[in-house]
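Given next are the chains, with one letter for each unit.
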Amino acid sequence: MENKASLYNGKLKYGEMKKRDIKEKIYRMLVFVGMMGLWHYLSIKLASPLLLPTPKDTITALIKSATDVDILVNLFITMKRVMKGFLVSLCVGIPLGYIMGLSELIEKMLSGIIDSVRQVPIMAWVPLTIIWLGIGDGPTIFMIAFSAIFPVILNTIQGVRSISKDYYNAARSMGAGPFSIFVHIIIPGSLPDVLTGARIAVGTGWMSVI
Amino acid sequence: MELRVEGINKAFINNGKNKEVLKDISFEIEKGQFISLLGPSGCGKTTLLTIIAGFQKADSGLILVGENKVTKAGPDRGFVFQNYALFPWMTVKDNILFPMKQIKMGKAERQKRLEHLLTIAQLNGQEHLYPHQISGGMKQRTALVRALATTPDVLLMDEPLGALDHQMRQSLQSELEDIWLEDRTTVVMVTHDVDEAVYLSDRVIVMSRNKGKIVADMPIELGRPRNRKSKEYEEYKNKLENYLEQASLVTEE
Numbered sequence: 151m152e153n154k155a156s157l158y159n160g161k162l163k164y165g166e167m168k169k170r171d172i173k174e175k176i177y178r179m180l181v182f183v184g185m186m187g188l189w190h191y192l193s194i195k196l197a198s199p200l201l202l203p204t205p206k207d208t209i210t211a212l213i214k215s216a217t218d219v220d221i222l223v224n225l226f227i228t229m230k231r232v233m234k235g236f237l238v239s240l241c242v243g244i245p246l247g248y249i250m251g252l253s254e255l256i257e258k259m260l261s262g263i264i265d266s267v268r269q270v271p272i273m274a275w276v277p278l279t280i281i282w283l284g285i286g287d288g289p290t291i292f293m294i295a296f297s298a299i300f301p302v303i304l305n306t307i308q309g310v311r312s313i314s315k316d317y318y319n320a321a322r323s324m325g326a327g328p329f330s331i332f333v334h335i336i337i338p339g340s341l342p343d344v345l346t347g348a349r350i351a352v353g354t355g356w357m358s359v360i
Numbered sequence: 008m009e010l011r012v013e014g015i016n017k018a019f020i021n022n023g024k025n026k027e028v029l030k031d032i033s034f035e036i037e038k039g040q041f042i043s044l045l046g047p048s049g050c051g052k053t054t055l056l057t058i059i060a061g062f063q064k065a066d067s068g069l070i071l072v073g074e075n076k077v078t079k080a081g082p083d084r085g086f087v088f089q090n091y092a093l094f095p096w097m098t099v100k101d102n103i104l105f106p107m108k109q110i111k112m113g114k115a116e117r118q119k120r121l122e123h124l125l126t127i128a129q130l131n132g133q134e135h136l137y138p139h140q141i142s143g144g145m146k147q148r149t150a151l152v153r154a155l156a157t158t159p160d161v162l163l164m165d166e167p168l169g170a171l172d173h174q175m176r177q178s179l180q181s182e183l184e185d186i187w188l189e190d191r192t193t194v195v196m197v198t199h200d201v202d203e204a205v206y207l208s209d210r211v212i213v214m215s216r217n218k219g220k221i222v223a224d225m226p227i228e229l230g231r232p233r234n235r236k237s238k239e240y241e242e243y244k245n246k247l248e249n250y251l252e253q254a255s256l257v258t259e260e
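One line per chain: the protein sequences are W and G, in this order.
Per my numbering, the first sequence starts with residue 151, numbered consecutively.
Per my numbering, the second sequence starts with residue 8, numbered consecutively.
The hints are all genuine.
EDC-like, lysine to aspartate or glutamate: derived pairs with alpha carbons at most 20 Å apart: (1) G:K76 - G:D160; (2) G:K238 - G:D202; (3) G:K64 - W:D316; (4) G:K146 - W:D316; (5) G:K220 - G:E13; (6) G:K79 - W:D316; (7) G:K236 - G:E184; (8) G:K76 - G:E37; (9) G:K38 - G:D160; (10) G:K146 - G:E182; (11) W:K315 - G:E166; (12) G:K246 - G:D209.
It should be emphasised that the hints constitute simulated quantities derived from the structure, not laboratory data.
Using the sequences and the hints, build the whole thing.
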């Protein structure tokens, strides 16, 4: 019922929290420095800038391209596409997730299709989407939305399913109808999982940019 | 008669076998009475309570609240869950207001009722907290006044103090009694605790593991608040302990 871990954390003194924070940061820094050291050592040993450039060269190149206007403009375009695809996946995925989460029949009807379509490698869609949507933003947005929609659907279903039966019964015994139950119980009760789905969706959407 | 339970039958299918949980259960409750359904675990008392609440249907039989036949859950029967089932995304205040909004109570009336309920539950000043921020006792009181918010004809409670330790239970029993004495709603409470049943009830119905068969139906004629140390109190407890022992014996057919 209660989240024991968070209760316990709540009782930690402020000072202890701070100390733990600092410790964590130091460890993270150590890992980072260690990785850099290893990288540097290996690139010196290999002595081939083409196969493995040194970290210093890489970082210089990164800074150079990050300040390049062309690249920034392109980055902005990509971000816009990701956002569009992400929004499409939310607009389609969340309602679909709710319907499937609420109706076992519809879930059974659709899960077969969804699970098989999901397995198609994203690259296999490229020629098809170009034929369907032409060259331009269309195929890219489609593919971003396509890969982002599954975590949205699956997490929304999970969110709806995770709501305790007691909440439904409680609401009904207080006179709530289906609409009120949807607005006051199902939406807030599933929200944490829906947001998790959305967060994963941004990640997968970003990864499927081509 | 406020509540009539008439010939309730209920069976579940378990591992392909039909298991009768309740067989021909009948009783009547007068208005303003506090009734306990006492029984060992697995005697079907909670099943019966959820049937009265309308959360599930009986295979046959009838539940009447006043003149009305129960067909589904509704605000004429308040329900207090064992784990309270407070909505974690709503504050104490919004939890208590929720049922009043559902039955479209006017805003002024709602506010007045809210203040009254917060006062009797001693929750004044805590109404803006969320359920995870308050103690077990406060949750219990919130759940109780939330169930009472719509002034239901019958209040149903499923082991409302089951999750608490002994000390806490005793002090909450008297708090529960105080709140109940405010408007003496008809109550049906499920419990497996003899002491709790004697302390709170006007009448105790003991159900057995044998298809929920009622093995005893005993009025508790003691003044309130009850003295747990009195001789009569002890006697009631002893009698009920004996019935409960009897009720725990499972007779296989």
